[in-house]
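Trainee: Each chain is listed here by its residues.
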Amino acid sequence: MRKLIVLGWRRLSSNWAAIVPGLAIVAGLLPIDASALPLFARQTGQNCLSCHAGGQFPELTAYGRKFKLTGYTMGERATIPLAVMGVASASKVASTAGSTDVGADFPHDGQFEFTTASLLCCGKITDNIGSFIQWTWDRFDHQNDAGKWVSKSHIDQVDLRYADRSIAPTHDLIFGASLNNNPGVADVWNTHNSAFTPVPTYVPVGNPAGNAGGPFVDVPAAPTDQSLGQHSAGLTGYLFWNDFLYAEVGGYRSTEKPFTVLGDTRVSGFDSFQRLKGINPYWRLALNHDWGANSAMIGIHGMSAETYLDSADTGSPTAKFRDIGIDGQYQYILDPHVLTAMFSYTHEKQSYNDALWNLSNANFTGTFANSSNTLDYLRAKVTYIYQAKYGVSLAHTSIRGSADAVLYGNPTAVPDSRLWAPEIFWTPVQNVRVGLQYFMWDKYLGAKSNYDGNGRNAKDNNTLFVYVWAAY
Amino acid sequence: MRWILLAAIAALGLIGCANLERSRDLANPNVRPEVTAAQVCSNCHGLDGNSVSPIFPRLAGQQESYIVAQLENFRSHQRSDPAGYEYMWGISRSLTDAQIKGLAEYFGRQTAGKNAAVAGGSLDAGRKIFEQGVPEKETAPCMACHGANAEGLGAFPRLAGQHQDYLVKQLHVFQETEGRPGTPMKQITHLLTNEDMVNVAAYLQAFPGQ
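Sequences listed follow chains V and E, in order. In terms of numbering that gives the first Met the number 0, the first sequence has 419 at position 420, counting the first letter as 1, and numbering is strictly consecutive. In terms of numbering that gives the first Met the number 0, the second sequence has 180 at position 181, counting the first letter as 1, and numbering is strictly consecutive.
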């Protein structure tokens with residue numbers, strides 16, 4: 000059940016040594032002048048804070064939502080539609096208690112290193128078509144058999160859109176379609192999708208747990224609709240009517256031919272329950288209201304998915320996941336103040352093929368103890384930014400699930416965890432951000448103390464995370 | 000199959016190439032101003048120029064020559080107040096003179112609607128500044144240039160119904176910066192207090208008869 004254990008684990012191979020010179024060449028080709036900013040800013044000629052609330056990522060302003068909904072087509076087509084971004088970071092875990100090999104269990108702990116870089120190909124293609132395509136290189140992608148860290152590069156987020164808009168005094172209808180590789184990436188409120196959230200907060204930077212790569216600190220579980228990034232290819236249609244009603248519906252399938260280009264590895268390299276069976280429906284409905292300097296949204300979302308136990312074997316037993324959730328956002332934007340508050344709650348019902356749990360089944364796999372399980376996943380975050388430079392945020396994640404001694408190997412047999420993550424950050428110029436975040440685990444795998452039976456406590460997983468993010 | 004997919008995307012691209020009547024291209028001189036107003040400007044200023052957010056000024060019924068001058072000043076970077084360069088330098092950078100004129104005509108002929116209730120400031124004190132000025136601070140009455148109904152005249156913008164927050168911020172720009180050169184407003188505002196500005200802006204947002 001690794002899919003439920005690890006978020007955003009990447010596998011595709013490519014040598015980072017080939018990527019860095021490539022990024023350098025791209026950077027050299029870009030014009031160095033006042034408009035030498037991230038790609039969408041070059042296209043529109045506008046400051047990042049026009050579209051991003053307080054200049055932060057990924058939260059969008061009402062204007063930014065329109066930019067995305069209309070297919071990234073507003074402005075002037077860039078001569079070279081490429082941009083780069085990178086993150087240097089360090090994470091320091093509170094305690095390595097319980098580890099017999101600290102170097103292996105908490106690799107790079109406390110070391111400040113350049114961790115990830117992305118090449119972005121984005122923006123207006125025609126009057127109706129635009130893209131957001133991100134290719135990412137992870138320096139510490141995984142460890143090889145000798146225990147050495149190996150870097151990889153892979154396709155990251157993809158959102159290729161066709162959009163049109165019919166607007167008149169009587170109506171305003173934006174409609175379009177998105178070909179993407181992550182359920183929810185097409186959403187413009189970014190409240191519930193995992194597209195830019197490798198950690199269960201709304202932080203646009205590397206995952207301290209992922210950077211550490213160890214088994215101790217990681218997200219214990221997440222709903223399927225937030226775990227299919229880069230493993231799924233989806234086509235969704237959407238509309239936004241009179242700035243009030245947003246509706247999106249579509250289907251996702253595995254990144255098999257002809258959609259292999261959207262996947263970060265071959266399907267045979269997927270983890271358990273990452274390969275989708277057939278077309279899996281995804282839907283989203285939201286109501287929006289703007290008044291004065293305020294904007295509010297309340298929405299619901301859902302997905303039904305079926306995946307294989309063995310991603311390399313379409314004859315292997317499957318599990319079904321039914322997600323339904325509610326999410327919302329409130330925004331206040333009036334210089335010099337920007338406030339964004341958002342939440343997302345998802346309830347997932349998992350039901351399994353008989354062979355996965357039934358001892359008497361001839362093909363019993365021993366994957367689950369129960370025939371079905373539930374998972375409840377809540378995320379919330381409040382961010383305040385002053386003068387588009389100085390920011391604070393507080394994020395919360397709460398996970399609850401039914402007990403399954405096989406699925407969750409810990410003594411409590413539940414994934415229940417609670418995380419608080421306060422953060423301060425500074426944006427000295429609009430394409431550089433420096434931040435300090437502290438991940439505080441109030442509960443981990445069902446217990447505050449001795450969650451693993453070996454004396455390790457939830458707070459031992461607390462992690463200090465510092466980062467420098469830059470884009471060009 | 001991959002080539003079929005790419006071909007389908009390319010075909011979609013060709014279909015979408017020319018859509019002048021719904022284009023959001025700001026560098027195409029063939030896009031009509033009315034189309035740009037609807038597809039781009041409306042995102043912030045509203046289709047009828049009555050913007051909702053106070054970040055963005057209301058343009059409905061604005062003086063055409065004032066809009067033309069501002070767009071030209073954004074395009075040439077002569078107007079450099081933060082809200083101006085953050086949003087409008089990019090929007091205006093490739094607009095043609097004809098498109099600027101057309102946009103000014105479009106918003107000039109829209110009907111100004113009533114703005115939201117004012118949250119702070121003294122309407123009476125604001126009305127006094129508007130009608131009588133503040134002689135001891137060398138501030139002329141607003142209505143002397145902007146008209147008795149704050150409807151503006153030529154290069155002097157319409158102020159009636161404008162967002163209070165926008166007006167206060169612009170008065171500070173006039174007073175404290177060189178971001179909007181070429182107007183008499185620096186001299187007029189140089190002794191005004193923030194309270195004066197809030198009061199007169201409150202009166203203008205709630206302008207009688209709006």
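Among the hints, a few may not be true.
Residues from chain V that face chain E, not an exhaustive set, calculated with beta carbons under 8 Å [what the hints assert, rightly or not]: (1) 62; (2) 69; (3) 72; (4) 87; (5) 163; (6) 170; (7) 172; (8) 284; (9) 286; (10) 288; (11) 289; (12) 309; (13) 311; (14) 336; (15) 338; (16) 425.
Everything labelled a hint here was simulated from the structure, so no lab data went into it. Computed from a predicted model, the values in this text were never measured in an experiment. Don't be surprised by glycine CBs; every beta carbon is placed ideally from N, CA and C.
Trainee: Evaluate each hint against the coordinates.
Mentor: Here is how each hint holds up against the structure:
| no. | hint | result |
| --- | --- | --- |
| 1 | 62 | 5 Å, holds |
| 2 | 69 | 6 Å, holds |
| 3 | 72 | 5 Å, holds |
| 4 | 87 | 28 Å, violated |
| 5 | 163 | 6 Å, holds |
| 6 | 170 | 10 Å, violated |
| 7 | 172 | 11 Å, violated |
| 8 | 284 | 23 Å, violated |
| 9 | 286 | 16 Å, violated |
| 10 | 288 | 10 Å, violated |
| 11 | 289 | 5 Å, holds |
| 12 | 309 | 24 Å, violated |
| 13 | 311 | 20 Å, violated |
| 14 | 336 | 11 Å, violated |
| 15 | 338 | 14 Å, violated |
| 16 | 425 | 19 Å, violated |
Against the hints set out earlier in the document, violations occur for numbers 4, 6, 7, 8, 9, 10, 12, 13, 14, 15, 16.
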